[in-house]
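Residue numbers (numbering that gives the first Met the number 0), protein chains in the order written: chain A, 0 to 307; chain B, 0 to 511; chain C, 0 to 340.
Worth double-checking, as some hints may not be accurate.
[Said to hold, decoys possible] DEER-style ranges, computed between Cβ atoms:
hint	chain 1	residue 1	chain 2	residue 2	range
1	C	103	B	421	57 to 63 Å
2	B	64	C	15	47 to 53 Å
3	A	64	C	28	37 to 43 Å
4	B	13	C	222	28 to 34 Å
5	A	90	C	208	29 to 35 Å
6	A	85	B	13	26 to 32 Å
7	C	189	B	13	55 to 61 Å
8	B	158	A	90	34 to 40 Å
9	A	148	C	92	34 to 40 Å
10	C	189	A	1	56 to 62 Å
[Said to hold, decoys possible] Distance condition first, Cα-Cα at most 30 Å in a straight line; then the derived BS3-like pairs of lysine-lysine:
hint	chain 1	residue 1	chain 2	residue 2
11	B	199	B	229
12	B	199	B	247
13	C	180	C	159
14	B	491	B	199
15	A	300	B	140
16	B	140	A	242
Calculated from the structure, these hints are not laboratory results.
The beta-carbon is built from N, C-alpha and C at its ideal position, and this holds for glycine as well.
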Amino acid sequence: MVDALVAMLANADFWAAVLRIATPLVLGTLGVLLCERAGVLNLGIEGIMVAGAFTGWLAVHAGASLWAGVLVAAATGAAFGLLHGVLTVPLALSQHVAGLGITMFASSVAYFAYRVSFPNVSTPPTIQPFAEMRWLELPVLAAQTPLTLLALVLVPVVAWVLNRTPLGLAVRMVGENPAAAEGQGLSVTAVRIGAIVAGSALMGVAGAFLTLSAFNAFFFNMVNGRGWICVALVVFASWRPGKALAGALLFAFFDAMQLRLQQADVGGMPYQAWLMLPYVLSIVALVAVARRASYPQALMKPYRKGER
Amino acid sequence: MSERVLQLAGITKRFGALVANDGISLELSRGEILALLGENGAGKSTLVSILFGHYVADAGSIEAFGAALPPGDPAAALAAGVGMVHQHSTLADNLSVLDNVMLGTEPLWRPASRRREGRARLLATAHRFGLAVDPDARVAKLSVGERQRVEILKALYRDARVLILDEPTAVLTPQESEALFATLRGMVAEGLSVIFISHKLDEVLRVSDRIAVLRAGRLVATKAARDTTKSELAEVMVGRAIPPPVAKPHSRGEAVCVIDRVSMLGERASARLDGVSLSLHAGEIAAVAGVSGNGQAALVELLCGLREADEGCVTLGGAPMPADPSAWIAAGTARIPEDRRDTGTIGDLPVWENAIAEHYRKPFASAGVVRRGAARSFARGLVDRYDVRGGGIDTPARVLSGGNMQKLILGRALSGGAARPENFVPTLIVASQPTWGLDAGAVAWVHQQLLDACARGAAVLLVSEDLDEILALADRIAVIHAGRLTPARPAKSWTLPELGLAMAGEGTRDAA
Amino acid sequence: MAVAAPFAAVAFTLIVAALFVAWAGAPVGRTYALIFEGGFGSRFAWSETLTRATPLILTGLAAAIAFRAHLYNIGAEGQLYAGALAAVAVGGLHGGTGIELPPAVLFPAMLAAAALAGAVLMALPAIAKTRFGVDEVVTTLLLNFVVLLVVSMMLDGPMKDPAAMGWPQSVALHDDLQLSKLVERTRVHTGLLIALALAGLAWGVLRLTTFGFEVRAVGANARAARFAGVPVTRTILSVALASGAVAGLAGAIEVAGRTGYVTLDMSPGYGYTGIVIAMLAGLNPLGVVAAAVFVAGVLVGADSMSRAVAVPTYVADVIVAVALLSMLVATVAARYRLRLR
Numbered sequence: 000m001v002d003a004l005v006a007m008l009a010n011a012d013f014w015a016a017v018l019r020i021a022t023p024l025v026l027g028t029l030g031v032l033l034c035e036r037a038g039v040l041n042l043g044i045e046g047i048m049v050a051g052a053f054t055g056w057l058a059v060h061a062g063a064s065l066w067a068g069v070l071v072a073a074a075t076g077a078a079f080g081l082l083h084g085v086l087t088v089p090l091a092l093s094q095h096v097a098g099l100g101i102t103m104f105a106s107s108v109a110y111f112a113y114r115v116s117f118p119n120v121s122t123p124p125t126i127q128p129f130a131e132m133r134w135l136e137l138p139v140l141a142a143q144t145p146l147t148l149l150a151l152v153l154v155p156v157v158a159w160v161l162n163r164t165p166l167g168l169a170v171r172m173v174g175e176n177p178a179a180a181e182g183q184g185l186s187v188t189a190v191r192i193g194a195i196v197a198g199s200a201l202m203g204v205a206g207a208f209l210t211l212s213a214f215n216a217f218f219f220n221m222v223n224g225r226g227w228i229c230v231a232l233v234v235f236a237s238w239r240p241g242k243a244l245a246g247a248l249l250f251a252f253f254d255a256m257q258l259r260l261q262q263a264d265v266g267g268m269p270y271q272a273w274l275m276l277p278y279v280l281s282i283v284a285l286v287a288v289a290r291r292a293s294y295p296q297a298l299m300k301p302y303r304k305g306e307r
Numbered sequence: 000m001s002e003r004v005l006q007l008a009g010i011t012k013r014f015g016a017l018v019a020n021d022g023i024s025l026e027l028s029r030g031e032i033l034a035l036l037g038e039n040g041a042g043k044s045t046l047v048s049i050l051f052g053h054y055v056a057d058a059g060s061i062e063a064f065g066a067a068l069p070p071g072d073p074a075a076a077l078a079a080g081v082g083m084v085h086q087h088s089t090l091a092d093n094l095s096v097l098d099n100v101m102l103g104t105e106p107l108w109r110p111a112s113r114r115r116e117g118r119a120r121l122l123a124t125a126h127r128f129g130l131a132v133d134p135d136a137r138v139a140k141l142s143v144g145e146r147q148r149v150e151i152l153k154a155l156y157r158d159a160r161v162l163i164l165d166e167p168t169a170v171l172t173p174q175e176s177e178a179l180f181a182t183l184r185g186m187v188a189e190g191l192s193v194i195f196i197s198h199k200l201d202e203v204l205r206v207s208d209r210i211a212v213l214r215a216g217r218l219v220a221t222k223a224a225r226d227t228t229k230s231e232l233a234e235v236m237v238g239r240a241i242p243p244p245v246a247k248p249h250s251r252g253e254a255v256c257v258i259d260r261v262s263m264l265g266e267r268a269s270a271r272l273d274g275v276s277l278s279l280h281a282g283e284i285a286a287v288a289g290v291s292g293n294g295q296a297a298l299v300e301l302l303c304g305l306r307e308a309d310e311g312c313v314t315l316g317g318a319p320m321p322a323d324p325s326a327w328i329a330a331g332t333a334r335i336p337e338d339r340r341d342t343g344t345i346g347d348l349p350v351w352e353n354a355i356a357e358h359y360r361k362p363f364a365s366a367g368v369v370r371r372g373a374a375r376s377f378a379r380g381l382v383d384r385y386d387v388r389g390g391g392i393d394t395p396a397r398v399l400s401g402g403n404m405q406k407l408i409l410g411r412a413l414s415g416g417a418a419r420p421e422n423f424v425p426t427l428i429v430a431s432q433p434t435w436g437l438d439a440g441a442v443a444w445v446h447q448q449l450l451d452a453c454a455r456g457a458a459v460l461l462v463s464e465d466l467d468e469i470l471a472l473a474d475r476i477a478v479i480h481a482g483r484l485t486p487a488r489p490a491k492s493w494t495l496p497e498l499g500l501a502m503a504g505e506g507t508r509d510a511a
Numbered sequence: 000m001a002v003a004a005p006f007a008a009v010a011f012t013l014i015v016a017a018l019f020v021a022w023a024g025a026p027v028g029r030t031y032a033l034i035f036e037g038g039f040g041s042r043f044a045w046s047e048t049l050t051r052a053t054p055l056i057l058t059g060l061a062a063a064i065a066f067r068a069h070l071y072n073i074g075a076e077g078q079l080y081a082g083a084l085a086a087v088a089v090g091g092l093h094g095g096t097g098i099e100l101p102p103a104v105l106f107p108a109m110l111a112a113a114a115l116a117g118a119v120l121m122a123l124p125a126i127a128k129t130r131f132g133v134d135e136v137v138t139t140l141l142l143n144f145v146v147l148l149v150v151s152m153m154l155d156g157p158m159k160d161p162a163a164m165g166w167p168q169s170v171a172l173h174d175d176l177q178l179s180k181l182v183e184r185t186r187v188h189t190g191l192l193i194a195l196a197l198a199g200l201a202w203g204v205l206r207l208t209t210f211g212f213e214v215r216a217v218g219a220n221a222r223a224a225r226f227a228g229v230p231v232t233r234t235i236l237s238v239a240l241a242s243g244a245v246a247g248l249a250g251a252i253e254v255a256g257r258t259g260y261v262t263l264d265m266s267p268g269y270g271y272t273g274i275v276i277a278m279l280a281g282l283n284p285l286g287v288v289a290a291a292v293f294v295a296g297v298l299v300g301a302d303s304m305s306r307a308v309a310v311p312t313y314v315a316d317v318i319v320a321v322a323l324l325s326m327l328v329a330t331v332a333a334r335y336r337l338r339l340r
């Protein structure tokens, strides 16, 4: 068993798989992180990923280029994000329930639209997905598609924006003390909604990775809880982009490992036990860090202008 | 003294049926300190919130430096040179001083924040006005006085030419207030103008050039500070005669509650206690004075049964007490929390359920079922007896005004759920900031309730940041600073400067 | 005004859903008529709707009870499956003991096992919340996936029905443990009565008892509740157990009343739909019954409608989701107007 493990770890294909599995998690986690740094929980992610996966794929299927598909997915995410923003910021609805509603709404709309567009197909229609970047000639990275590169580049970009720009300061401030932001002449509503829209766009792209890169078609239940895992990863990452990348990679490492072990049929474990691992790990990670998690101070606290 | 920097004309603002500002017109000149004087609820904060753009007025207009100020836009007010220091801290604890100051001062889409320039500018501004700060300190680590300095610097950093301060001295020691006044004088000497909000007559007379008095939403008088007196101001401010609370004769009885070398650990200074001892006696009002955030919260939580002592112990009637609110209630403690809305009442539940919330198991339930009839008639009695207005017993508690909410809480605490509330005397009353934000009439009423209960034999602990309140009521005073409590001494043995020094943490034992 | 909120929300929902129907290219009026007919238009339609409403009342109650205490149990789906599995473990496999017990003993034991399974499953996130401050929404959501995999594992392993020819389904419940039919030649079963009784019980407990007061107080303002002497942690844990137990019962009653065994698709998201029902009902247990019947009618009606016109059944999910969001908005609007008064 140890030999098998060592062989697995020495194999570049394994690490390529890790990075591939991590990609939608990185994108989704960055999206959740942006929303939560601005003080708003976005449980719409699960449905937004479904919708992004569908619209991105549909655009490409209809003849658009792959990158146009990514943009369509981002726009889809942004649109649902705008809805979530309106519901939770000016209307100050329960962020939990509104987010679940967005998830239900976005995924049911996507499934509905899929059935309307393709009423009578038995096998899902396919597209030509993103190609691997063989030209890159770097061991693990060459086996990835440009979307993975995009996800990796976005990590420092998001970190820079949050920590080094006036805009990022504004986002952090509305997540820490919205009254202070308003007292300095900023519109809390605009900054919060802006952050949610941007974050949701990333969630849409995370979904599109599944249909435009990991697979080549749209399936029902293809997101399969990845969105919820991103929500857990943000807590695990203490709301920091760098740690979010680390968390996503760690998570993907275990996921890739369980896939291999499952195939190797180690110890006669039923395959479901391996499949459980990612979800169980997420829960364990949440419990482990909860004690010392330093939440954005205004997370889940709606802000009403002028309320004392 | 002629250049006009601000002009408010006919400002009117209603909240539902309440007219918070009623046609107020005011002007402010360059180099002037204008005091806005009024009771709590007179409309001062509303007026400056409109001026600064937090609220939109229903009628009226504002001009700053000759140009009309668009309503409801703090950014425009800031751009016009109006800065505001809010009553409640508007700083983000987890960010640095520099972050808090620079927020919103740069174009949002700039690709990188110019922090080096910002730091230099902040230090220069701080130097110019004599307000020392560390730009890189995390705000959570700052004292209340330092936080206020950052708040002022936030405005000055933006070249504010008019500075509004909303009740700035409420959280300061007398000495810190003195330093603030010096800063303000320095600012007007440089040509800035200041609006200073307060309900304290002495400081208004000392610091301001002109005094505008608000009462029930109206501007009732504007006077030059040198042409008026304290008693004249008091009369126009209150507008009616409020008989001062009468202390009935009471005598110190046995020690009811003994706090013995209690320490409590906590991340924040307000949550820590360090070897605190205090005994509370029947028929006596003991007061804890201090600047907010020095451990009062921990002390009150201890005596309300909300938190456990990490070291030391606390006894009530000789028995050690657990950290369980219902045990304290059962032992006859009447608790008046600082935060009426968040701690004292359950806003979405009706008044009657709030009235029995401390006694819902006993006596207002049998076999797990609430005795609705008994509970409701008790609540009705309480509402009558303590004159809780603003709705019947079925209205949600959240719609009550602050004063009526406080009456409900006081009534609940002082009745002890007893069938005959008039015969019930609490063993111990723990009152934390019981008059915060109330108008003069309500303040006098609350004070009277505490004095009466004391005269009937209750031990009273008054925790307050308002020295006037403490000096008016307390038999003995102890001062808390950084979680340490001075010995409680008879009220008359303290001088005001002594209290101030103790509040600032400078030992009084050497001086005495 | 608060009473008008659900109606305003439903009206708005129907307008939005009409856009989707039109998008699918179907006549809006006829589609709605078909949905209504399929859900409420005949004796058969009513029987199907009430059959579908039975588990929905229970999952709706599970959500309503928990949400009242501000405990966001999103795990009713998993708890339902856990209850179903426990029911078959007791009622189909005799808990592996091989001891044949009379139905009079076995039936309550089966329900108790299901309730216990659901309760235990909800206790874990509740403890994580009260002890470590872990947000229960994410943990209950993730547990749903875990439970479904456990079910899959069981259906492949110890609880596999050898007669099902490789189809993933569990052994069947004993015939004498099946719930009897409420109306002949329909699928409505006595589980509906159990669900209605539980709704009444929940309403009474919330409104009349000290425990009900504790739940409402903790939900409205946990800080103030604790100040007044309400045992907040104990209340949250009790509510978690009750909520999980009711969701677990939903699983047992589905098995005993409708399917007879556990499959991986026995619940088309009853747990999640229960959340919508609870919100539509304004978290009122009696309202849950009405909301569950309404939602069940829409789901059943959409099924039969899509056989007649080319509108995918997913329109029902769209309706349910939009109903949830517009109900949230309507509640806030009603409350806002109340405050202005």
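Note to self: Given a hint of 57 to 63 Å, does the C-beta separation of residue 103/C and residue 421/B actually sit inside it?
What the structure shows: With Cβ atoms ~58 Å apart, the hint holds.
Notebook entry, point to check: Is residue 140/B within 30 Å of residue 242/A, Cα to Cα?
Noted result: Answer holds: residue 140/B to residue 242/A is near 25 Å, not above 30 Å.
Note to self: I want to verify a distance hint. Is the separation of the beta carbons of residue 148/A and residue 92/C within 34 to 40 Å?
What the structure shows: This hint is violated: roughly 53 Å between Cβ atoms.
Item checked: Supplied distance hint 34 to 40 Å, evaluated on CB atoms of residue 158/B and residue 90/A -> At 37 Å between Cβs, range holds.
Next item on the list: Take the C-alpha atoms of residue 300/A and residue 140/B, compute the straight-line distance between them, and say whether it is at most 30 Å.
Entry: 23 Å, holds
Margin query: Just to be sure I understand the hint, the distance between the Cβ atoms of residue 13/B and residue 222/C should be within 28 to 34 Å; is that true here?
Written below: 31 Å, holds
Notebook entry, point to check: Is 26 to 32 Å right for how far apart the beta carbons of residue 85/A and residue 13/B are?
Noted result: Between residue 85/A and residue 13/B, where Cβ atoms are some 27 Å apart, the hint holds.
Check: Okay, residue 189/C versus residue 1/A on CB: inside 56 to 62 Å?
Finding: 57 Å, holds
Next item on the list: With 55 to 61 Å as the target window, see if residue 189/C and residue 13/B comply at their CB atoms.
Entry: About 59 Å separates the Cβ atoms of residue 189/C and residue 13/B, which means 55 to 61 Å holds.
Note to self: Check whether the Cα positions of residue 491/B and residue 199/B lie no farther apart than 30 Å.
What the structure shows: Distance of about 22 Å is within 30 Å: holds.
Margin query: Given the hint of 47 to 53 Å, is the C-beta distance from residue 64/B to residue 15/C inside that range or not?
Written below: 50 Å, holds
Margin query: Assuming the hint says 29 to 35 Å, is it satisfied by the Cβ distance from residue 90/A to residue 208/C or not?
Written below: 34 Å Cβ-Cβ, so the 29 to 35 Å window holds.
Checked against the numbered hints above, the structure breaks only hint 9 and satisfies the rest.
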